[in-house]
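Colleague: When you get a sec, could you build the whole thing from the sequences and use the hints?
Listed here are the chains, written in short residue letters.
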Amino acid sequence: MRNILVSVALMAGAAQAATLTVITHDSFDVDKKLVAAFEARTGSKVRFIKGGDAGELLNKLILTRGAPLADVVYGLDNSLLPRARSAGLLEAYKSPALAKVPAQFRLDDAGLLNTVDYGYVALNYDKAYFEQNKLALPKSLEDLAKPEYARLTVVESPATSSTGLAFLLSTVNHLGQDRAMQWWREARANGLRVTRGWSDAYYKDFSRNGGKYPIVLSYASSPAAEVAYSEKPLTASPTANLLLPGSTFLQLEGVGVLKGTKQRALARQFVDFMLSGGVQADFPTRMWVYPAVSGVKLADVWKYAQKPDVTPVKANLLQNPQALVDAWVTQVLRAR
Amino acid sequence: MSGPRRALGWLVAAPALAFLLAFLALPLVRVLREGGVSVGVWADPYFRERLAFTLAQALGTSALAVTIGTPLAYLLSRYAVPGKATFLRALLLPFVTPTLVAALGLLALLGPHGLLGVDLSDTPGLIVLGNLFFNLPVMIRLAYAAFARVPANALNAARTLGASGARAAWTVAAPLALPGILAGATLVFLYSALSFGLPLVLGGERYATLEVEIYTLTAYELRLSEAGALVGGQLLITLLATGAYLWLARTSGAVQATRALPRARRGTAALLYTLLALVAFICFAPLLAVTFGSVRGTDGLTGAFWAGLIAPDADPPLTLLLGNTLRFAGLTLLGALTVGGTHALGAWLARSRTLDLLSLLPLMVSPISLAVGYLLLYPTLRAELPLLIAAYTLLAAPLVTRSLLPALRAVPPRLTEAARTLGSSPLRAWGTVTLPLVLPALRGGGALALATVLGEFAATLVLTRPEWATLSTAMYERLGRPGAQNLGEACALATLLMLLALAAFTALDGGKGEIT
Numbered sequence: 001m002r003n004i005l006v007s008v009a010l011m012a013g014a015a016q017a018a019t020l021t022v023i024t025h026d027s028f029d030v031d032k033k034l035v036a037a038f039e040a041r042t043g044s045k046v047r048f049i050k051g052g053d054a055g056e057l058l059n060k061l062i063l064t065r066g067a068p069l070a071d072v073v074y075g076l077d078n079s080l081l082p083r084a085r086s087a088g089l090l091e092a093y094k095s096p097a098l099a100k101v102p103a104q105f106r107l108d109d110a111g112l113l114n115t116v117d118y119g120y121v122a123l124n125y126d127k128a129y130f131e132q133n134k135l136a137l138p139k140s141l142e143d144l145a146k147p148e149y150a151r152l153t154v155v156e157s158p159a160t161s162s163t164g165l166a167f168l169l170s171t172v173n174h175l176g177q178d179r180a181m182q183w184w185r186e187a188r189a190n191g192l193r194v195t196r197g198w199s200d201a202y203y204k205d206f207s208r209n210g211g212k213y214p215i216v217l218s219y220a221s222s223p224a225a226e227v228a229y230s231e232k233p234l235t236a237s238p239t240a241n242l243l244l245p246g247s248t249f250l251q252l253e254g255v256g257v258l259k260g261t262k263q264r265a266l267a268r269q270f271v272d273f274m275l276s277g278g279v280q281a282d283f284p285t286r287m288w289v290y291p292a293v294s295g296v297k298l299a300d301v302w303k304y305a306q307k308p309d310v311t312p313v314k315a316n317l318l319q320n321p322q323a324l325v326d327a328w329v330t331q332v333l334r335a336r
Numbered sequence: 001m002s003g004p005r006r007a008l009g010w011l012v013a014a015p016a017l018a019f020l021l022a023f024l025a026l027p028l029v030r031v032l033r034e035g036g037v038s039v040g041v042w043a044d045p046y047f048r049e050r051l052a053f054t055l056a057q058a059l060g061t062s063a064l065a066v067t068i069g070t071p072l073a074y075l076l077s078r079y080a081v082p083g084k085a086t087f088l089r090a091l092l093l094p095f096v097t098p099t100l101v102a103a104l105g106l107l108a109l110l111g112p113h114g115l116l117g118v119d120l121s122d123t124p125g126l127i128v129l130g131n132l133f134f135n136l137p138v139m140i141r142l143a144y145a146a147f148a149r150v151p152a153n154a155l156n157a158a159r160t161l162g163a164s165g166a167r168a169a170w171t172v173a174a175p176l177a178l179p180g181i182l183a184g185a186t187l188v189f190l191y192s193a194l195s196f197g198l199p200l201v202l203g204g205e206r207y208a209t210l211e212v213e214i215y216t217l218t219a220y221e222l223r224l225s226e227a228g229a230l231v232g233g234q235l236l237i238t239l240l241a242t243g244a245y246l247w248l249a250r251t252s253g254a255v256q257a258t259r260a261l262p263r264a265r266r267g268t269a270a271l272l273y274t275l276l277a278l279v280a281f282i283c284f285a286p287l288l289a290v291t292f293g294s295v296r297g298t299d300g301l302t303g304a305f306w307a308g309l310i311a312p313d314a315d316p317p318l319t320l321l322l323g324n325t326l327r328f329a330g331l332t333l334l335g336a337l338t339v340g341g342t343h344a345l346g347a348w349l350a351r352s353r354t355l356d357l358l359s360l361l362p363l364m365v366s367p368i369s370l371a372v373g374y375l376l377l378y379p380t381l382r383a384e385l386p387l388l389i390a391a392y393t394l395l396a397a398p399l400v401t402r403s404l405l406p407a408l409r410a411v412p413p414r415l416t417e418a419a420r421t422l423g424s425s426p427l428r429a430w431g432t433v434t435l436p437l438v439l440p441a442l443r444g445g446g447a448l449a450l451a452t453v454l455g456e457f458a459a460t461l462v463l464t465r466p467e468w469a470t471l472s473t474a475m476y477e478r479l480g481r482p483g484a485q486n487l488g489e490a491c492a493l494a495t496l497l498m499l500l501a502l503a504a505f506t507a508l509d510g511g512k513g514e515i516t
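Chains as they are written, first to last, in the UniProt record's numbering: chain G, 1 to 336; chain V, 1 to 516.
Check before you lean on any hint, since a few could be wrong.
To be verified - Simulated DEER-style distance windows between Cβ atoms:
id: 1; chain 1: G; residue 1: 264; chain 2: V; residue 2: 315; range: 40 to 46 Å
id: 2; chain 1: V; residue 1: 428; chain 2: G; residue 2: 19; range: 47 to 53 Å
id: 3; chain 1: G; residue 1: 232; chain 2: V; residue 2: 315; range: 17 to 23 Å
id: 4; chain 1: G; residue 1: 66; chain 2: V; residue 2: 86; range: 51 to 57 Å
id: 5; chain 1: G; residue 1: 311; chain 2: V; residue 2: 25; range: 51 to 57 Å
id: 6; chain 1: G; residue 1: 320; chain 2: V; residue 2: 280; range: 38 to 44 Å
id: 7; chain 1: G; residue 1: 264; chain 2: V; residue 2: 322; range: 35 to 41 Å
id: 8; chain 1: G; residue 1: 320; chain 2: V; residue 2: 86; range: 54 to 60 Å
id: 9; chain 1: G; residue 1: 320; chain 2: V; residue 2: 247; range: 49 to 55 Å
id: 10; chain 1: G; residue 1: 300; chain 2: V; residue 2: 45; range: 24 to 30 Å
id: 11; chain 1: G; residue 1: 104; chain 2: V; residue 2: 52; range: 33 to 39 Å
id: 12; chain 1: V; residue 1: 165; chain 2: G; residue 2: 147; range: 54 to 60 Å
id: 13; chain 1: G; residue 1: 137; chain 2: V; residue 2: 322; range: 44 to 50 Å
Hints were generated in silico from the structure; no laboratory data involved.
Computed from a predicted model, the values in this text were never measured in an experiment.
Beta carbons are placed, not taken as given, at the ideal position from N, Cα and C, and that holds for glycine.
Modeller: In structure tokens:
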């Protein structure tokens with residue numbers, strides 16, 4: 001069947017190569033050679049467009065659902081899927097390659113999004129700071145609201161950042177909504193800094209990069225990236241993960257076909273392509289995420305990363321994350 | 001005579017007006033129609049507080065910019081200062097600096113481990129300094145141009161009649177230069193009232209401006225009706241400010257030929273060089289800190305970051321980044337000169353305050369809302385280059401109009417009349433008399449427009465494509481990943497952007513050092 005579709009697509013493309021438009025978040029990056037091979041194989045032309053960070057991207061898709069921006073979307077994750085679903089943005093397609101993705105990493109049964117990769121949002125800390133100040137590491141979220149850890153932590157805002165939202169979901173999952181909001185207020189009173197986005201937190205406020213906060217909300221793979229992107233060879237990462245219970249979140253990023261596509265066959269092939277061996281092996285050290293398909297070999301530097309033991313977030317919390325964000329904005333951010 | 005001239009003016013401005021309609025008015029209306037306007041949001045004390053902060057920081061920045069910028073501009077226009085042209089040209093650098101780089105630079109100086117040993121982070125102090133970093137150059141350049149138009153003999157007459165230098169400056173030069181000073185203060189107010197990037201990065205959630213709230217409501221929370229109400233309020237404020245400015249700035253002096261200027265002495269010299277040092281610190285020290293960041297490794301100086309940029313396997317290659325940056329900036333410059341130039345010409349010919357006001361519209365509306373309007377209104381153009389260039393042009397054109405219009409108004413009518421009497425056709429009189437007189441202003445406006453575009457990055461504005469990567473988008477991409485190498489390369493890219501800007505200004509300026 002697939003071969004027939006391919007040859008039909010090829011015949012149609014004999015006159016003019018079909019163009020497949022793929023919309024992604026800004027961090028997307030893939031080896032151009034792999035894309036060229038896909039184009040040659042399918043007789044198509046792939047056009048990538050970037051739509052801001054994942055949250056902005058979703059909003060752009062919702063605003064323009066009457067005239068879809070693209071055929072395929074990559075980069076929506078498990079915290080954004082509920083909104084994409086209720087807006088009716090995606091059309092179901094389950095890639096055969098999903099068979100090689102372990103069950104706990106699959107995004108949804110209908111196949112609106114096919115998991116391409118996963119990662120862990122986690123707190124990192126500046127090792128040198130804790131050594132120099134002879135400070136014991138905090139052991140729980142509650143510790144972060146205590147005086148000895150005052151003004152040490154910077155996190156991203158759940159209202160404007162996907163890592164921030166992941167952290168909020170994780171705290172609510174761990175503490176329950178009321179106690180979580182209470183914790184956020186206490187932590188803020190204790191000098192928890194809230195920034196808008198990841199790069200503000202990491203490059204401006206994190207003590208390793210000139211800021212004054214030795215604990216930062218980032219990813220569990222960031223210590224490995226620190227080694228990989230070090231200015232000179234390192235044998236240990238200058239940062240490490242601080243895996244407090246209720247502070248880590250498993251983020252699943254997926255690819256899906258947008259409703260209204262005029263290139264359905266090609267779009268589905270692209271979904272399969274994202275789950276193919278070549279792309280899965282190329283992704284990790286470009287985007288610092290784990291490949292969703294099992295059995296893909298990781299580069300050596302990944303030994304500096306950690307796979308935390310994460311309690312999965314309760315399904316009902318993922319039903320309407322926006323309501324949680326609204327509650328956070330009124331009860332934490334705007335509360336004086 | 002005046003009837004046909006008025007009609008001709010509107011005719012000349014018509015394409016620019018059509019452009020404003022297509023890329024400003026219609027998109028904005030489309031967004032407001034999509035979401036509606038929920039005026040109730042103004043009842044929320046939170047948003048009223050944001051409004052108060054927006055106004056306070058804009059007024060404060062304007063006041064400080066006038067206090068520091070005006071005396072310096074005056075002294076620069078009256079006294080010979082070695083390297084003045086270079087200084088004025090370099091003043092455009094903060095303009096091209098992407099906000100995150102400015103913030104990194106300011107923090108490197110005055111952050112927790114700042115080179116100066118003072119920590120201003122988390123205080124309004126750093127935001128005010130950042131505001132001045134971006135806006136002081138605008139103030140100085142516009143005030144300088146205004147003072148340069150003050151006739152020297154008026155000042156000399158005052159001095160002959162016994163007035164002190166300061167008194168002559170205050171009673172003769174200042175009133176004559178008032179339109180230019182007000183123009184500068186108004187632009188500073190408008191830029192600060194609409195400021196987005198700096199409070200976004202430095203302000204956290206405590207010092208957010210209306211534009212930051214509009215961005216959050218639009219891009220992240222998709223509450224268009226509440227954003228619509230904020231857009232309306234913001235537009236009202238900026239319209240009032242601009243209306244007041246146009247009403248105040250009704251007169252303008254004539255351009256003066258460059259003369260030999262005396263050197264400043266004693267008290268005047270002390271004041272001049274103190275102010276110069278202060279401005280240089282505010283406007284250049286953060287940039288130097290960033291440049292330093294591009295060669296400062298964990299232990300001592302390193303070339304690793306620059307080497308990373310030019311490495312043969314760099315993706316995208318530096319040549320693509322440079323090529324795109326130059327191509328987009330060039331196309332935008334062309335667009336801005338056409339749109340902004342014809343708009344100024346039309347407003348001058350028609351002597352129309354309305355046309356004048358309309359040219360300022362792009363500075364008054366929220367670019368974030370416009371971007372949403374483009375998405376909704378132009379489905380087929382959304383990821384096409386012309387839309388990106390149009391959006392850039394929209395932001396840059398007012399700067400050309402603002403520079404050109406005062407210069408056109410200052411051309412003595414008698415000169416063109418003389419040319420006509422001697423048998424020149426209107427077109428020839430324009431080409432041989434008017435154009436050469438306003439060319440410096442056109443070049444200055446072009447340089448400002450170019451500066452706006454070089455530092456702009458399109459991601460928040462319209463959908464971008466990976467093959468359109470520019471120096472600034474590449475920089476943001478690096479700042480999206482951890483590691484010393486990424487931060488260092490981002491600093492190197494920022495440095496490159498500054499060098500490119502400096503080269504572009506020098507080329508535009510024709511090496512004559514005549515910048516208005």
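Colleague: Would you mind marking each hint as holding or not holding in the structure?
Modeller: Outcome of the hint check:
no. : hint                        : in the structure
1   : G/264 <-> V/315: 40 to 46 Å : violated (31 Å)
2   : V/428 <-> G/19: 47 to 53 Å  : holds (51 Å)
3   : G/232 <-> V/315: 17 to 23 Å : holds (22 Å)
4   : G/66 <-> V/86: 51 to 57 Å   : holds (53 Å)
5   : G/311 <-> V/25: 51 to 57 Å  : holds (52 Å)
6   : G/320 <-> V/280: 38 to 44 Å : violated (53 Å)
7   : G/264 <-> V/322: 35 to 41 Å : holds (39 Å)
8   : G/320 <-> V/86: 54 to 60 Å  : holds (58 Å)
9   : G/320 <-> V/247: 49 to 55 Å : holds (51 Å)
10  : G/300 <-> V/45: 24 to 30 Å  : violated (55 Å)
11  : G/104 <-> V/52: 33 to 39 Å  : violated (49 Å)
12  : V/165 <-> G/147: 54 to 60 Å : holds (59 Å)
13  : G/137 <-> V/322: 44 to 50 Å : holds (45 Å)
Taken one by one, the earlier hints fail for this structure at numbers 1, 6, 10, 11, listed in ascending order.
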